[in-house]
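*Asks:* Top to bottom, those sequences are chains A and B.
For the first sequence, the working numbering begins at 1 and goes up steadily by one.
For the second sequence, the working numbering begins at 113 and goes up steadily by one.
FYI, nobody ran anything at the bench for these hints, they're computed from the structure.
Beta carbons: idealized from backbone N, C-alpha and C, even for Gly.
Fair warning: there could be bad hints in the mix.
When the alpha-carbon atoms are kept at most 25 Å apart in a straight line, the in silico SDA-like pairs for lysine to any residue are as follows [what the hints assert, rightly or not]:
no. : chain 1 : residue 1 : chain 2 : residue 2
1   : A       : K42       : B       : K121
2   : A       : K107      : B       : F217
3   : A       : K42       : B       : E215
4   : A       : K42       : B       : G165
5   : A       : K111      : A       : Q2
6   : A       : K68       : B       : D214
7   : A       : K42       : B       : I166
8   : A       : K42       : B       : P195
9   : A       : K42       : B       : V200
Taking beta-carbon pairs under 7 Å as the criterion, some of the chain A residues facing chain B (in silico) [stated by the list, open to error]:
no. : residue
10  : P40
11  : K42
12  : L44
13  : S46
14  : L49
15  : N97
16  : Y98
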Amino acid sequence: KQEVTQIPAALSVPEGENLVLNCSFTDSAIYNLQWFRQDPGKGLTSLLLIQSSQREQTSGRLNASLDKSSGRSTLYIAASQPGDSATYLCAVEMDSNYQLIWGAGTKLIIKP
Amino acid sequence: NAGVTQTPKFQVLKTGQSMTLQCAQDMNHEYMSWYRQDPGMGLRLIHYSVGAGITDQGEVPNGYNVSRSTTEDFPLRLLSAAPSQTSVYFCASSYLTSGPDDEQFFGPGTRLTVL
Chain A
1 KQEVTQIPAA LSVPEGENLV LNCSFTDSAI YNLQWFRQDP GKGLTSLLLI
51 QSSQREQTSG RLNASLDKSS GRSTLYIAAS QPGDSATYLC AVEMDSNYQL
101 IWGAGTKLII KP
Chain B
113 NAGVTQTPKF QVLKTGQSMT LQCAQDMNHE YMSWYRQDPG MGLRLIHYSV
163 GAGITDQGEV PNGYNVSRST TEDFPLRLLS AAPSQTSVYF CASSYLTSGP
213 DDEQFFGPGT RLTVL
């Protein structure tokens, strides 16, 4: 059974720092991996989607990498800003069945 | 384009009551799903649908029913609410494609408390 883990559960860093969020999964036979952002009391916003055949995706200050063989993905945030404060979740899709298996998230706080 | 909408935003029920959480999308997505989110845990899939008239169970379907009479709407029914169903419920939708358009879109959530 696929399990998705995000460590740490919470992270606090000063504004301006580059940072990395981690996501690991136990079954490497994934179809894709997605990173989402969740703001308090709000829904989830998709940030980046990496297909199983890809190694990374970039959007602005965000870069997500995927290493299927080691069961790991990282979300790199450059030049962090207070507005980046949110919970970041990763989710994997298996076998193109559209069902996502989720990590519990990393709560990120960027201190001004 | 409103995206995915959910109503109500908040709801308090007594044990044994029934209710329906509404979800609608205006993006003509074939795939729709319901998740619940509990503290310290990842989202868990309740039910999903790949098109009008087609529904299936996810990881935690007990106590919930769904139907999909139209492409746009995917209501979630709680038959007899229990305190264990206290959670935040999210509806999501996406195209049935293979590739970069696999992105799923989420509604703002319904926070449900069962007393």
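*Asks:* To test your reading of the hints: which numbers does this structure violate?
*Replies:* 4, 5, 7, 10 and 15
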